[in-house]
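The letter at position 31 of the sequence shown is residue 30 when you use numbering that gives the first Met the number 0, and the numbering goes up by one with no holes.
Fair warning: there could be bad hints in the mix.
What the hints assert, rightly or not - Simulated restraints on C-beta separations:
no.: 1; residue 1: P20; residue 2: Q53; range: 46 to 54 angstroms
no.: 2; residue 1: L52; residue 2: A25; range: 37 to 45 angstroms
no.: 3; residue 1: T21; residue 2: Q49; range: 36 to 44 angstroms
no.: 4; residue 1: T50; residue 2: Q30; range: 49 to 57 angstroms
no.: 5; residue 1: A45; residue 2: P22; range: 27 to 35 angstroms
no.: 6; residue 1: A29; residue 2: Q49; range: 26 to 34 angstroms
no.: 7; residue 1: R54; residue 2: A25; range: 42 to 50 angstroms
no.: 8; residue 1: P20; residue 2: R59; range: 55 to 63 angstroms
no.: 9; residue 1: I39; residue 2: S19; range: 28 to 36 angstroms
no.: 10; residue 1: K43; residue 2: S19; range: 30 to 38 angstroms
no.: 11; residue 1: A29; residue 2: T50; range: 39 to 47 angstroms
To be verified - Derived pair list, reagent style SDA-like, types lysine to any residue, alpha-carbon separation capped at 20 angstroms:
no.: 12; residue 1: K43; residue 2: Q53
no.: 13; residue 1: K43; residue 2: Y27
no.: 14; residue 1: K43; residue 2: W31
no.: 15; residue 1: K33; residue 2: Q44
no.: 16; residue 1: K33; residue 2: T23
no.: 17; residue 1: K33; residue 2: Q51
no.: 18; residue 1: K43; residue 2: R54
Source of the hints: derived by calculation from the structure; they are not laboratory data.
For glycine and all other residues, C-beta sits at the position ideal for the given N, C-alpha and C.
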Amino acid sequence: MDRNFAATKSGAGSNKLDKSPTPTLADYQAQWAKIHNDTIRQIKQAQGMQTQLQRVIRRRY
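Given these sequences and hints, build the entire structure.
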């Protein structure tokens with residue numbers, strides 16, 4: 000384990016993270032759902048750009 004992490008968790012030094020509530024399973028699920036949705040959106044956007052590029056290339060050749 001990282002020494003800095005262990006020192007922080009043992010109470011040596013206080014920061015904003017120490018005072019925040021522990022994330023719940025629902026928090027993690029919501030975070031992963033957002034990541035998933037963002038990834039799907041980016042893939043679709045990239046596929047659309049690829050299609051547009053292919054159309055432009057076909058017109059020129």
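Evaluated hints:
Taking 46 to 54 angstroms as the suggested C-beta distance range, the pair P20 and Q53 conforms, at roughly 49 angstroms. Range check, L52 to A25: about 41 angstroms between beta-carbon atoms, so the 37 to 45 angstroms window is met. Restraint check, T21 to Q49: a C-beta distance of roughly 42 angstroms satisfies the suggested window 36 to 44 angstroms. A C-beta distance of roughly 31 angstroms is found between T50 and Q30, which places it outside the suggested range of 49 to 57 angstroms.
The hint said 27 to 35 angstroms for the Cβ distance between A45 and P22, and at roughly 31 angstroms that hint holds. Separation of A29 from Q49 is about 31 angstroms and conforms to the stated range, judged on CB atoms against 26 to 34 angstroms. Checked against the hint of 42 to 50 angstroms, the C-beta distance between R54 and A25 comes to roughly 44 angstroms, which is consistent with it. The hinted range of 55 to 63 angstroms is satisfied by P20 and R59, whose Cβ atoms lie roughly 57 angstroms apart.
The supplied range of 28 to 36 angstroms is met by I39 and S19, whose beta-carbon atoms lie about 29 angstroms from each other. Against the hinted window of 30 to 38 angstroms, the Cβ-Cβ separation of K43 and S19 comes to about 34 angstroms, which satisfies the hint. The given range of 39 to 47 angstroms is broken by A29 and T50, whose C-beta atoms sit roughly 32 angstroms from each other. Between the alpha carbons of K43 and Q53 the distance comes to roughly 15 angstroms, so the proposed pair stays at or under 20 angstroms and holds.
For the hint linking K43 to Y27, the alpha-carbon distance of about 24 angstroms lies beyond 20 angstroms, and the restraint is violated. Between K43 and W31, the direct Cα distance comes to roughly 18 angstroms. Compliance with the 20 angstroms bound is thereby established for this hinted pair. With a C-alpha separation of about 16 angstroms, the suggested pair K33 and Q44 falls inside the 20 angstroms cut-off, and the hint holds. Note on K33 and T23: the hinted pairing holds, with a Cα-Cα distance of about 16 angstroms set against a maximum of 20 angstroms.
Under the criterion of a C-alpha separation no larger than 20 angstroms, the hint pairing K33 with Q51 is inconsistent with the structure, at around 27 angstroms. Distance check on the hinted pair: K43 and R54 sit about 17 angstroms apart at the alpha-carbon level, within 20 angstroms; holds.
Against the hints set out earlier in the document, violations occur for numbers 4, 11, 13, 17.
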